[in-house]
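**Q** Model the full assembly from the supplied sequences, consistent with the hints where possible.
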Amino acid sequence: MTTSVETQSLVLQINGSTRKLTIEPRVSLLDALRDHLHLSGTKKGCDQGACGACTVLVDGERINSCLALAIQYEGREILTIEGLTTFGKLHPLQEAFIDQDGFQCGYCTPGQICSAVGMLAEFGQGAPSALTKDGVANGELTEAEVRERMSGNLCRCGAYVGIREAIQHVYRRQIYGGQAR
Amino acid sequence: MNNFTYLRATDVSSAVSLLAANSSQDAAARFLAGGTNLVDLMREGVEKTHALVDITRAPLSDVQELPHGGVRVGALVRNSHLAGHPLIRERYSLLSQAILNGASAQLRNMATTGGNIMQRTRCYYFYDTASRCNKRAAGSGCDAIEGFNRIHAILGTSPHCIATHPSDMCVALAALDAIVNVMGPSGERSLPFSEVHRLPGNDPQMDTNLQPGELITSVDLPASAARLSSVYRKVRDRASYAFALVSVAAAIKIDNGVIQEVRLALGGVAHKPWRATIAEQLLRGVAPTSENFVKAAAAELAPAIPRRGNAFKPELAKRTITSVLSELTAKEGAGQ
Numbered sequence: 001m002t003t004s005v006e007t008q009s010l011v012l013q014i015n016g017s018t019r020k021l022t023i024e025p026r027v028s029l030l031d032a033l034r035d036h037l038h039l040s041g042t043k044k045g046c047d048q049g050a051c052g053a054c055t056v057l058v059d060g061e062r063i064n065s066c067l068a069l070a071i072q073y074e075g076r077e078i079l080t081i082e083g084l085t086t087f088g089k090l091h092p093l094q095e096a097f098i099d100q101d102g103f104q105c106g107y108c109t110p111g112q113i114c115s116a117v118g119m120l121a122e123f124g125q126g127a128p129s130a131l132t133k134d135g136v137a138n139g140e141l142t143e144a145e146v147r148e149r150m151s152g153n154l155c156r157c158g159a160y161v162g163i164r165e166a167i168q169h170v171y172r173r174q175i176y177g178g179q180a181r
Numbered sequence: 182m183n184n185f186t187y188l189r190a191t192d193v194s195s196a197v198s199l200l201a202a203n204s205s206q207d208a209a210a211r212f213l214a215g216g217t218n219l220v221d222l223m224r225e226g227v228e229k230t231h232a233l234v235d236i237t238r239a240p241l242s243d244v245q246e247l248p249h250g251g252v253r254v255g256a257l258v259r260n261s262h263l264a265g266h267p268l269i270r271e272r273y274s275l276l277s278q279a280i281l282n283g284a285s286a287q288l289r290n291m292a293t294t295g296g297n298i299m300q301r302t303r304c305y306y307f308y309d310t311a312s313r314c315n316k317r318a319a320g321s322g323c324d325a326i327e328g329f330n331r332i333h334a335i336l337g338t339s340p341h342c343i344a345t346h347p348s349d350m351c352v353a354l355a356a357l358d359a360i361v362n363v364m365g366p367s368g369e370r371s372l373p374f375s376e377v378h379r380l381p382g383n384d385p386q387m388d389t390n391l392q393p394g395e396l397i398t399s400v401d402l403p404a405s406a407a408r409l410s411s412v413y414r415k416v417r418d419r420a421s422y423a424f425a426l427v428s429v430a431a432a433i434k435i436d437n438g439v440i441q442e443v444r445l446a447l448g449g450v451a452h453k454p455w456r457a458t459i460a461e462q463l464l465r466g467v468a469p470t471s472e473n474f475v476k477a478a479a480a481e482l483a484p485a486i487p488r489r490g491n492a493f494k495p496e497l498a499k500r501t502i503t504s505v506l507s508e509l510t511a512k513e514g515a516g517q
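Sequences listed follow chains A and B, in order. 1 is the number of the first residue of the first sequence in our numbering; add one for each residue after it. 182 is the number of the first residue of the second sequence in our numbering; add one for each residue after it.
Bear in mind the hints are in silico, worked out from the structure with no lab data behind them. No experiment lies behind these values; they were computed from the predicted model shown. Built from N, CA and C at the ideal position, the CB exists for glycine as well. It is possible that part of the hints are untrue.
Said to hold, decoys possible - From the derived model, a few chain B residues whose C-beta atoms are all more than 10 Å from chain A: (1) G365; (2) S371; (3) D436; (4) S507.
Claimed, not checked - Derived lysine-lysine pairs resembling BS3-like cross-links, with alpha carbons at most 30 Å apart: (5) A/K133 with B/K434; (6) A/K20 with B/K229; (7) B/K476 with B/K512; (8) A/K133 with B/K512.
**A** Right, here's the structure in full:
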């Protein structure tokens, strides 16, 4: 391993606060969060973009933090599972995952929840999926749509039924009233 | 991952000059965009560059109309944004469909238009640095030819490489006759999409015909390909988030019971997005019947060389072509 390259100082915006760190350019956003900033809620599953456990939100969009170099994300708004809780109150998706048995071991859960937050925003803005017909606006968030739109998050315990129900529960509350964001 | 120097460019010309200034004959720096493939390859030790030029702050994120009805897509437009863009959904739904059938929502949010074109094969042996691979280490041999080759190529292969290009987006771009605009140390030029990617031949280490230091700046979608009745169908080992075993991008125009125009491209079968020119030639000017579809598909796949693990592919490709063309014909009939 060559270490001729100096570490670099950078500033990241994470969960609404400014965090300074000094790291090598090869450090992923995932490792920066977990190992350098001790935000260990975001999980490392495959470390190759295949499982979605590392999903975080950047400027409101979900990404795989394992394939992101931290240094590339200076100046962007990064939101992790730790940032979803406001004033000690769980995010509606966090509550729904508990109520609907959306997990067993819990390892994929932070990624699932961050991904679901991004997915509901995308769906609400009319973003199409592979199931969307030509030029047609999004209708209901059906079971098939949730499966397709959440296919980037794997759950080895197989809690998919509960995960899907938790997401649809929050979606219905958003559409048909209730306090969900 | 080896360590490297991280450089940032905020416009195209400084990106090109920064890359040139940090590259030598035997050590090339690399452009970094979404990173979904390059960061992974570096972590696996397949790609070992000493310097990255981050281009994500360059102003290449626009989708704009061209004067004569086409659309120009900036190289840094992310895959999710491109697939959802109103101009693309309305005029080039084939492209939108293809993109949405690739990767996951997270990856599509990161990956860019230029990066998708430049992504490398997912051949297991290319990724495994303990294996022989002519693409990764020229002249070392190919472990895929006698190995696990379910996902590998059947058309345009060489004795040195049977890797496939893994993109869905590029299959649609091939069918649409897109133009790729690049900027390099010696200036700008444009390449027809069919000339961007290469067949492996004797030099499988070269994926594309881009010259060292050239950067894709935009992709043009021609007006002639707009609003065609089209379908992208992908056959894979699971319903979502898997690479294609075979995919078909097709667009057709039928007039008075005769095929006036047809565009057909295949994914998952070759080292490049495969434009099915043999089939297209047989289909132009004939009736859209299943006999004609079967005949055209058979002619296109006649030169296929299947291996032990992908012996199913020629038949799968033929049936998928036939099925997609039948679906399109029904769609055209319903629309008239």
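**Q** Hint by hint, note whether the structure agrees.
**A** Now the hints, each set against the structure:
At roughly 23 Å, the least C-beta separation between B/G365 and chain A is larger than 10 Å, which holds for a residue marked as non-interface. Listed as a non-interface residue, B/S371 keeps its Cβ farther than 10 Å from every Cβ of chain A; the least gap is roughly 29 Å. For B/D436, the condition that its CB be more than 10 Å from all CB atoms of chain A holds, with the nearest at approximately 21 Å. Consistency note on B/S507: stated as away from chain A, and its beta-carbon is indeed over 10 Å from all of that chain's, at 18 Å minimum.
Note on A/K133 and B/K434: the hinted pairing holds, with a Cα-Cα distance of about 20 Å set against a maximum of 30 Å. For the proposed pair A/K20 and B/K229, the alpha carbon gap of about 28 Å is at most 30 Å, so the pair holds. At roughly 21 Å between alpha-carbon atoms, B/K476 and B/K512 fall within 30 Å of each other, so this suggested pair holds. With a CA separation close to 13 Å, the supplied pair A/K133 and B/K512 stays within the 30 Å bound.
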